[in-house]
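From first to last, the protein sequence lines stand for chains A and B.
Residue numbers for the first sequence follow the working numbering, beginning at 1 and rising by one.
Residue numbers for the second sequence follow the working numbering, beginning at 530 and rising by one.
Hints are not guaranteed to be accurate.
Claimed, not checked - Below, in silico cross-link-like pairs of lysine-lysine (DSS-like), each with a Cα-Cα straight-line distance of 25 angstroms or less:
#1 B:Lys533 <-> B:Lys651
#2 B:Lys534 <-> A:Lys467
#3 B:Lys661 <-> B:Lys550
#4 B:Lys583 <-> A:Lys237
#5 A:Lys238 <-> B:Lys534
#6 B:Lys583 <-> A:Lys513
#7 B:Lys550 <-> B:Lys651
#8 B:Lys566 <-> B:Lys533
#9 B:Lys661 <-> B:Lys533
#10 B:Lys534 <-> A:Lys237
#11 A:Lys238 <-> B:Lys624
#12 B:Lys624 <-> B:Lys661
#13 B:Lys661 <-> A:Lys238
#14 B:Lys624 <-> B:Lys583
#15 A:Lys240 <-> B:Lys534
Just so you know, the hints here were simulated from the structure itself, not pulled from any lab data.
Predicted model only: the values in this text are computed from it and were never measured.
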Amino acid sequence: MTEAMTRLVLQLALIITAARLGGYLFSRLRLPAVLGELVAGMVIGPYALGGLIPFHHEPLFALMQGGIPLSPELYGIATVASILLLFLSGLETDLAAFLRYSAVGSLVGIGGLIAAFGLGDLCAVWFGLAENFMDPTALFLGTISTATSVGITARILTEKRKMSSPEGVSILAGAVLDDVLGIVILAIVVGMTKVAGTAGHINWGQIGWIATKAIGFWLVATALGLLLARRITAVFKKFKSPDIITAFCFGLALFLAGLSEMAGLAMIIGAYITGLALSRTDLAHELQERLHGVYTLLVPVFFCTMGMLVDFSAMRGIFVFGLFFSLIAVAAKVIGCGLPAYLTKFNLRGSLRIGLGMLPRGEVALIVAGIGLTAGVITQQVFGVAIMMTLFTTLLAPPLLIQAFKGGTGLRRPEKEPGRETSSIEIELPSPDIAEFLRNRFIRALRREEFYVNRLHHAALAYQVRKDDILFMLVQENSTLRITAAEQHQRVARLMLLEELLSLSDLLDATQKMKSLQSMGSDLVSDLF
Amino acid sequence: MNLKKILSRDTILPELQADTKQGVIEEMVDFLAATGKLTDRTAALRAVLDREAKMSTGMQHGIAIPHGKTDAVNQLLVAVAIKRDGVDFAALDEKPSHIFIMTLSPENHTGPHIQFLAEISKVLSNPELREKLIRTADPDKMLTLLTT
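Go ahead and model the full structure; you've got the sequences and the hints to work with.
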């Protein structure tokens, strides 16, 4: 036990440092940090340097039996990181936009799924790895190429502040559906393979039950989450401590992740649903901010361990097939997801963005491949192909995605967001110092009124103020304070600002009661020299 | 915010006797003191008057919102009062004030205190409702007007 824990701690020391270093080097090269983390994983993984570092007479990263070449402890930490990642992705989702784009998102998801599964499956037949379309190996290759790893796209879109763009929301909506259906297909394929191995006929009843359970969980959890989010957070808020609230919310995400797995879906789906439900509450920004520290530490561990799964030796011999399979996987998503997007709301640019956003495959593909490998349905070589495709799409997507998101709108007709008419209140103060004093007083007063005030990272002195349905922005520019809010939320902002403005007179009275500045200054410096 | 949770029949004073600004404030503080939830009447009165001294809380359309922060209360205390004939409250529009909403909130406690004022001012922005409120002498009807 102690040895296993010592191993884990040393592994983590190496992973956290290497991932950060990789991320740093890649961002210096103007490439996404996530790629650096993946590459760092490949370098220190059990198939490369990690296999050479000695620990108690064996490599530090020893190869494990089964599909996942990492110790259960380390994989456990990577799993928690993936849950955190998808929980935060859910929190960042603009649900109003998500629902507006869920129709397009669904078409995008289904289009990509059909194209990726069909072409992936046929690939195995074309290269003689399988006899026909229904061969288990072919079905597995089809399944492996379906599930989009939304984590990588989500991170790039977050870094580029495109998460709430129509394309970003369509990708997320599509990827969520794609993930759900991908897992349903996995359940069906595993079921078919098992049945095919014994009796030779397909047990549709069992497959139907697995599919119903998976889809049912998704629908029920999402609906309940959206309905109950505010009531649940109202109970959490009774504890009056942001630390406790954050812990409870993340606990809820972990709980739903576990339930989701028990229902036959991936854990990350439960985490995403929790995030999505909480994104409608006033806690969304507060949670993101409080979990940011854990995120920056833990999520690179996830991407690094994904890189560690890459076995270079398994790719030898079937490189040509691997490359072809990877290209097909790219084409399947770009066309399969891009086409429905093009036929609905988007122009060519927008459709390409969506297709490329759905490109990366990741943890689910690797997990599926692992299941196939342990079940003996696919060979070590086909597993290598799956890893190659995952790597290829993951490495290819970020630079293409960043490039594609340059330029104008991806919509055919730019939309006006409904119900968001806002106006601004501005007050000009005599100096930036007085504006700062008033801003701080105003923020303190807002917090006393139980508002959540969060400074936005990208702007200097810009704050988001939230409580239930009330949402406004507070910005200080030099000596001006500006509040931007919807008409119906201006009353409370105005009244509170008035009270704080009047408090300036208290400050004035207080300064007049002070001893003369000259004598205070003299007291400070007397006996100094 | 649900006004029903804060307002009740006992928080309504259907007709004020006083006919000066000082008198209205004192009468409303006395009304709140009578509930037994005010530990120090003088401190509460001083808090409201200090706030008035900075800037009158007489708004437009006959509404005034005298309020103060004081440790003489340990939760938000609210009173709604009417003066049919109106009182000169040094209002923004220089017209007499008829509807008075007084709040006393604890100095350092968190809670939606200003939000209550914002919410009730939203209700009172309806001219028809203001008319009805001034004409009615029945606290039950006044409560219904304010909360539905």
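To see whether the hints hold, each was checked on the structure:
Restraint check for Lys533 of chain B and Lys651 of chain B: the C-alpha separation of about 15 angstroms stays at or below 25 angstroms, so the hint holds. Straight-line distance between C-alpha atoms of Lys534 of chain B and Lys467 of chain A comes to about 18 angstroms, which keeps the hinted pair within the 25 angstroms bound. At roughly 23 angstroms between alpha-carbon atoms, Lys661 of chain B and Lys550 of chain B fall within 25 angstroms of each other, so this suggested pair holds. Of the supplied pair hints, the one linking Lys583 of chain B and Lys237 of chain A is violated, its CA atoms being roughly 35 angstroms apart against a limit of 25 angstroms.
Between Lys238 of chain A and Lys534 of chain B the CA atoms are separated by roughly 17 angstroms; this keeps the pair inside 25 angstroms, and the hint holds. A C-alpha spacing of about 18 angstroms is found between Lys583 of chain B and Lys513 of chain A, which places the hinted pair at or below 25 angstroms, so the restraint holds. At roughly 24 angstroms between alpha-carbon atoms, Lys550 of chain B and Lys651 of chain B fall within 25 angstroms of each other, so this suggested pair holds. Restraint check: the Cα-Cα separation between Lys566 of chain B and Lys533 of chain B comes to about 19 angstroms, which is no more than 25 angstroms; the hinted pair holds.
About 19 angstroms separates the Cα atoms of Lys661 of chain B and Lys533 of chain B, which keeps this hinted pair within 25 angstroms; it holds. Straight-line distance between C-alpha atoms of Lys534 of chain B and Lys237 of chain A comes to about 18 angstroms, which keeps the hinted pair within the 25 angstroms bound. Taking the CA atoms of Lys238 of chain A and Lys624 of chain B, the gap is about 43 angstroms. The hint is violated against a cut of 25 angstroms. Between Lys624 of chain B and Lys661 of chain B the alpha-carbon distance is near 19 angstroms, which keeps this suggested pair within the 25 angstroms criterion.
Of the supplied pair hints, the one linking Lys661 of chain B and Lys238 of chain A is violated, its CA atoms being roughly 38 angstroms apart against a limit of 25 angstroms. With a C-alpha separation of about 19 angstroms, the suggested pair Lys624 of chain B and Lys583 of chain B falls inside the 25 angstroms cut-off, and the hint holds. With a C-alpha separation of about 20 angstroms, the suggested pair Lys240 of chain A and Lys534 of chain B falls inside the 25 angstroms cut-off, and the hint holds.
Violation of the numbered hints given earlier is confined to hints 4, 11 and 13; the remaining hints are satisfied by the structure.
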